[in-house]
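Chemist: Chains as they are written, first to last, in this note's numbering: chain A, 1 to 375; chain B, 1001 to 1300.
Don't take each hint at face value.
Computed footprint of chain A on chain B; a stretch qualifies when at least three of its residues, placed anywhere within it, have a C-beta under 8 Å from a C-beta of chain A [as the list claims (entries may be wrong)]:
hint, segment
1, 1107–1117
2, 1178–1190
3, 1201–1208
4, 1223–1235
5, 1269–1281
Calculated from the structure, these hints are not laboratory results. Built from N, CA and C at the ideal position, the CB exists for glycine as well.
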Amino acid sequence: MKLIQSGKMVAAMALMLTFSAPIPAMSGDTIKIGVAGAHSGDLATYGLPTVNAAKLVVDQVNAKGGIKGKKIELLIEDDVCKPEVATNSATKLVSQGAEVIIGHICSGPTKAALPIYKNANILVISPSSTSPDLTYSGEYPNFFRTIAPDDTQAKVDVEFALNKLGFTKIALVHDKGDYGKGLAEFAKSFIEKSGKAQVVLFEGVTPGAVDYSAIVQKIKQKDAQAVIFGGYHPEASKIVSMMKKKRMTTAFISDDGVKVDTFISVAGADAEGAYASGPMDTTKNPLSIQAKDEHKKAFGTDPGSFFENAYAATLALVNAIDKAGSTDLAALKKVLQTEKVDTPLGSISFNEKGDAIGVGFSVYQVKDGKFIELK
Amino acid sequence: MDYFIELLCSGLTRGAIYALIALGYTMVYGIIGLINFAHGEIYMIGAFTAYIVATVLTIYGFPLLAIVVLAGLAAVVWSSAYGYTVERIAYKPLRHAPRLSPLISAIGMSIFLQNYVLLAQTPDFLPFPTLIPDFPFMEPIAHIIGSTDLVILLTTTIIMIALTVLIKGTKIGKAMRATAQDRTMAMLLGIDVNKIISATFIIGSALAAVGGLLIASHIGQINFSIGFLAGIKAFTAAVLGGIGSIPGAVLGALVLGLTESFATGYVSSDYEDVFAFSLLVIILIFKPSGLLGKAETKKV
């Protein structure tokens, strides 16, 4: 028993050694970029693509001689997507002399680690933390991200319904889940703020219930011109089918939980004309194709979640360091906010809050059994 | 007023579907005092069988009526076979075990069947073909009730009447009632109790299969987990009406369906389940045996 335990200890230590950062080189010789996120545990699939993306970009820069003669060195730190671990990782990165940070991956750990970086005047750029607070609160002037915050979709949906389609009476329905309800709540506040339309209904349905005819009747009763639904495709397809059965012409607008092909295959003809927002289509972007090819060549697999966002973040960061000539926070911020960079996500820059401009969602409509991006 | 009638109709439709499933729970409970938690999965298997048969027949270009009849028949036969097998494998060996054992066995069966369909078929949602054609009525009626709702209500009513005739008027019905009353005495009088129990499972499963087919065609999609919530709701309806009582199950199902429909319509769908289960608690406080149930002093 004892032996097994000590064997485990040795294994754990060996693992820690493998995953921990390289021993800091002599300072001043290299530019140190910290990469923090979930690299082990069940959320590693979200974190490891970022490490790969950073490695790919940095290797290219180093192969070309680095930035102004200085090579880039990556300090990789695992936070297991746990806030309490993230503060340790952040402290460790700062003490190792990281000058900028790519990460963290999950919103919670990002929030926990940000004060530490802020005190050290270090710029942080996250590929995947979507909590709106991180940029909106204004508490973290050193934080940037290459992913659209959670409320963007609600905003895209609401603006589409109000400005493009000109609706004035909107019903908001959600599936009571974190994602769906959150989206509906954001939509509600945007509609109310705009003053252009009225929220006639705000209700949640039970996922998996046998029948949604009562809620559909209520939508009709309230005379809504459009339904904005926050949730996933099984409920969405039941609702659109029921609406068609009741011969309603109410528009149906939803989110990327619905913008999946299963929605169309299940709802069939009833899905025709339904709108759903989803990430902008990047599959035709040559940089995106190139980044994916590089990944395939280097690691032998297709990249995972947030790879393109991480690739874009690293590109933007490297470009900013190059242009600013230093890793000073103010100088980097200025470059990020004023200069556009070509990335797999398109040509992006950042607004004063730290959110990427040009990254976001577009609205798709089902036409002849396919989602068509509406420009 | 229109709105009220619409909600009434959708509540009745919902209740009718709960009733088809609830009958299985109540019949099995009435005869062997077991809550067959795998019943919701039998409903799901009925829907899947109908899906597979209907899809194949559509490929071969059969007319709609033939598809409906054959798919319905296949669903009924296949589900009944499952119901019978489940009883033989999971409950019969435990006939004389403490009452908790068959209950656990039932839950195990439910989880097994769900995972079996998940692995054998697909975890995805599948589009269910429209077996009940959706044709528009004339205007004042059109926005109150659809053709599918009407078919569901009619089918359920016919099945209820047939079931009542079966229980009250036939030999097997008499034997079922006798077995429910006192199993030992029925055995002594020459009734093959095991056969009667199997018959009960087969009838209950057949009803669930019809429910599965109707509801899948009504909402247009199925997957392996649809039996869970429907089963829980139907079980609630059976308890509400007084578990073990056949008219009670129907009444309980209708009351439950109407409560949910009106709660959604006049309060908020957020509270649909809250109202449904509050109603259950209130009724059980004032009438512990359910609406039409008989008081029983056995320990469960």
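Chemist: Hints first: check each against the structure and report whether it holds.
Modeler: Verification of the hints:
1. 1107–1117: violated (count 0)
2. 1178–1190: Result for this restraint: violated, n = 0.
3. 1201–1208: violated (count 0)
4. 1223–1235: That given contact holds, which follows from 7 residues of the segment 1223–1235 of chain B lying within Cβ reach (below 8 Å) of chain A.
5. 1269–1281: holds (count 4)
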